[in-house]
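Protein chains: 2
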Amino acid sequence: MTYRALDEKTVLDYVRSRPDLKQGFSDTTALSAGEIGDGNLNLVFIVRNSKNPRESAVIKQALPYLRVAGDSWPLTRERMRFEAQALLLYNQLTPGLSPKVYDYDEEMSLVGMENLADCEVMRKPLVERQRFPDFVEHISTFLATILFKTSDLYLSGVDKKTLQATYVNPHLCKIQEDFVFTNPYQESPENNWNAEIDAEVQAVRSNAPLKLAIADLKEKYMTQAQALIHSDLHTGSIMVNAQDTRVIDPEFSFFGPMGYDVGALLSNLVLNFGSHYAHTPDPAEREVYQEYLLDLIGGVWEGFAAKFEQLWIEHHSGELVPDAYWKFPGGDTAFATFRRQYMRRLLQDTAGLGACESLRRMMGIVSVWDITSIQDQKLRAVAERFVIRVSSRWIMERASFDHIEDLLGIVREEASAVVIA
Amino acid sequence: MTYRALDEKTVLDYVRSRPDLKQGFSDTTALSAGEIGDGNLNLVFIVRNSKNPRESAVIKQALPYLRVAGDSWPLTRERMRFEAQALLLYNQLTPGLSPKVYDYDEEMSLVGMENLADCEVMRKPLVERQRFPDFVEHISTFLATILFKTSDLYLSGVDKKTLQATYVNPHLCKIQEDFVFTNPYQESPENNWNAEIDAEVQAVRSNAPLKLAIADLKEKYMTQAQALIHSDLHTGSIMVNAQDTRVIDPEFSFFGPMGYDVGALLSNLVLNFGSHYAHTPDPAEREVYQEYLLDLIGGVWEGFAAKFEQLWIEHHSGELVPDAYWKFPGGDTAFATFRRQYMRRLLQDTAGLGACESLRRMMGIVSVWDITSIQDQKLRAVAERFVIRVSSRWIMERASFDHIEDLLGIVREEASAVVIA
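Protein chains in written order, with the working numbering: chain S, 1 to 421; chain U, 422 to 842.
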């Protein structure tokens, strides 16, 4: 079918025309659809059987331009291919941790998938101080499995490069290159920031050592093809409820540095930590929840690192270092040292790359709901200054990091210095 | 035309059938051909007009298997596409520094190109202590131009990734991954080494810190897509005469770490340096030529670094860091610092990656003519031990390198310790 953007009416006929979508409904005579897209790039419809509202599906279709910038920023619709491929891979490697894909239509740049009606995007419940007992377990499994199993530690060189060739995604890479690693730290018309923190923003923009470090991290993002990364894995790309954790929206996927995915998640938990200076006025209540957030950060890293290394020990089938390479007296110890050094560098990448994602939210094109939902600009500034300080230190001090406690220590130090006027 | 391997007869009809090849000959009734292939992967014919022997062309055709291993190691013929693409790019960006391409036939996996009748592969004249007054100038221009102009320092992110997508070359990458970074340092049936240095070879294979460092360098080779690299740029891939320098055989081309190209060249000059302990028995004569080789190593790096940085200053059009990023008080100094740090890391990569290429020649599948042409196995061992020591130190000490003199100092120190029994 030639591409045409669907609307709430045409999407119904479309669903009826696709066997893999149609089969999810016991009856397609009473379908209804609502558009719920709040993203910038896509149409998102929920299609329901009015006779049985539990029968539903999400239809996500790429628009040929960036919505927030109107028609002025054309984007290739090919990005829906990256999303579909990545979701199908997630379905296969980590079943239950992403929406199930029912159908993918390349011509229409469209994916039909499971409607996660019982889940919500993670930002809001984190602001509401909800807790998710299985989140650490789920997301660390997701991160460890996807990153390990698409890397040179698991795949043959030929298989990895062949897979990588299906994720050449320059246009969406460009968005992150611009909006995470560049424009926020220089004059750029789309930048937005709280007038209360203008001095801090200008200080970042003229902080030479920090900008040198960010340029190094951008080079890593642009050149280091370690594994298939989601590349936008903040808490707005994760849907949760008490039992469930689902990773959504992998349209930015490409082969990049693993630390960017782990880091985006951890730094967005830091962002949420900061937002409670406004959202949770009672200091005791705030501290309890902030401690919970530190537990999440620590738990995600520790869980990820333990599972990643366990996968590595169990499946050292990858091209990077074959088994025979470690067959010498002391070789087992050397292999253990190699893993330890690898995980240490990954922790440092996690800190540096992740902190670029939180830092840019303070001064770039788009902030996050955790912050923008703060009405009082002075209180918002308290949160933002905290995030700027933690992010800057994660970037500048990353070469010394050897344990997640090093990252958490900085959060605690900066938290202890926060003064709410 | 469906693929079929040519022979000395059928290649003549082939040339007559191709307008772009035929036009190089004033008369095609008296063509003759000789096969000169000494590589492992390809047929190479020189086709001449017997009535005017100055009219000639090289016809290079990929075989569907690795010759040295018989039919047992199948290879994709696609590699000739990488060679043709790279040579055409070289022709365009650095005219006169590679053979001119006349014709490329994808179906036949065949490139027709300039016959460099007046040049010879660089190894032999280096063994004969010849000098090449323009070599440093030429090869540093080649390296600086190709590496800079295919990198994120010059190209937009979209252009670079689009170009990179045409160089997905997993099968030839695998050859270097195995034979440069892995198999020589472990038990592997194809390894060959001089019995005189068995102790040194076994010491390398059980040297845990060295093997950890080589594994790190292999990861860099496998993941860091900095620029289009030749990926086999030793002195056997360069043809020279007194006036001319030509880079040949870029079939291993892909987007990898820049330092591998610069390093392969420098480390092969170290290999040649070592070979003169056998090839040049007179100590005074030997020292003079070894000093010349040090001048070449220093000159190539200094010329490369100066030209690369000059290109960067003149054309900072690349995606990595836009001009506006450095527009702040002190920004010019920050940009200069960024360039200096980038070149320093490039020097360290050059040392480490290059030294893997020389080290593997001492204990892997194939040595180099500089060494294999030494008849006396004890003298050959003197050269080989020297190369093992220099290479190991370049790998282990690279993090401290800040200037080419640091690399040269190690060559000098190890040279001063050489004893010829």
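A hint or two may mislead.
What the hints assert, rightly or not - Quick list of in silico lysine-lysine cross-link-like pairs, DSS-like style, CA-CA up to 25 Å:
1) U:LYS595 / S:LYS220
2) U:LYS545 / U:LYS472
3) S:LYS220 / U:LYS430
4) U:LYS472 / U:LYS570
5) S:LYS174 / U:LYS728
6) U:LYS570 / U:LYS545
7) S:LYS378 / S:LYS124
8) S:LYS149 / S:LYS51
9) S:LYS327 / U:LYS641
10) S:LYS124 / S:LYS9
11) S:LYS220 / U:LYS641
12) U:LYS521 / U:LYS430
13) U:LYS443 / U:LYS430
14) S:LYS174 / U:LYS570
15) U:LYS595 / S:LYS327
16) U:LYS521 / S:LYS149
17) U:LYS748 / U:LYS545
18) S:LYS51 / S:LYS100
19) U:LYS570 / U:LYS748
20) U:LYS570 / U:LYS521
21) S:LYS149 / S:LYS378
22) S:LYS100 / S:LYS149
23) S:LYS378 / S:LYS327
24) U:LYS430 / U:LYS472
25) S:LYS220 / U:LYS799
26) S:LYS174 / U:LYS641
27) S:LYS220 / U:LYS570
28) U:LYS570 / S:LYS307
29) S:LYS174 / S:LYS220
30) U:LYS521 / U:LYS728
31) S:LYS149 / U:LYS595
Since the hints were derived computationally from the structure, they do not count as laboratory data.
A quick look at each hint next to the structure:
no.	hint	result
1	U:LYS595 / S:LYS220	holds (23 Å)
2	U:LYS545 / U:LYS472	violated (31 Å)
3	S:LYS220 / U:LYS430	violated (52 Å)
4	U:LYS472 / U:LYS570	violated (42 Å)
5	S:LYS174 / U:LYS728	violated (28 Å)
6	U:LYS570 / U:LYS545	violated (31 Å)
7	S:LYS378 / S:LYS124	holds (21 Å)
8	S:LYS149 / S:LYS51	violated (42 Å)
9	S:LYS327 / U:LYS641	holds (22 Å)
10	S:LYS124 / S:LYS9	violated (30 Å)
11	S:LYS220 / U:LYS641	holds (11 Å)
12	U:LYS521 / U:LYS430	holds (24 Å)
13	U:LYS443 / U:LYS430	holds (16 Å)
14	S:LYS174 / U:LYS570	holds (19 Å)
15	U:LYS595 / S:LYS327	holds (21 Å)
16	U:LYS521 / S:LYS149	violated (43 Å)
17	U:LYS748 / U:LYS545	violated (51 Å)
18	S:LYS51 / S:LYS100	holds (23 Å)
19	U:LYS570 / U:LYS748	holds (24 Å)
20	U:LYS570 / U:LYS521	holds (19 Å)
21	S:LYS149 / S:LYS378	violated (45 Å)
22	S:LYS100 / S:LYS149	holds (19 Å)
23	S:LYS378 / S:LYS327	violated (61 Å)
24	U:LYS430 / U:LYS472	holds (18 Å)
25	S:LYS220 / U:LYS799	violated (46 Å)
26	S:LYS174 / U:LYS641	holds (23 Å)
27	S:LYS220 / U:LYS570	holds (19 Å)
28	U:LYS570 / S:LYS307	violated (41 Å)
29	S:LYS174 / S:LYS220	holds (14 Å)
30	U:LYS521 / U:LYS728	holds (24 Å)
31	S:LYS149 / U:LYS595	holds (19 Å)
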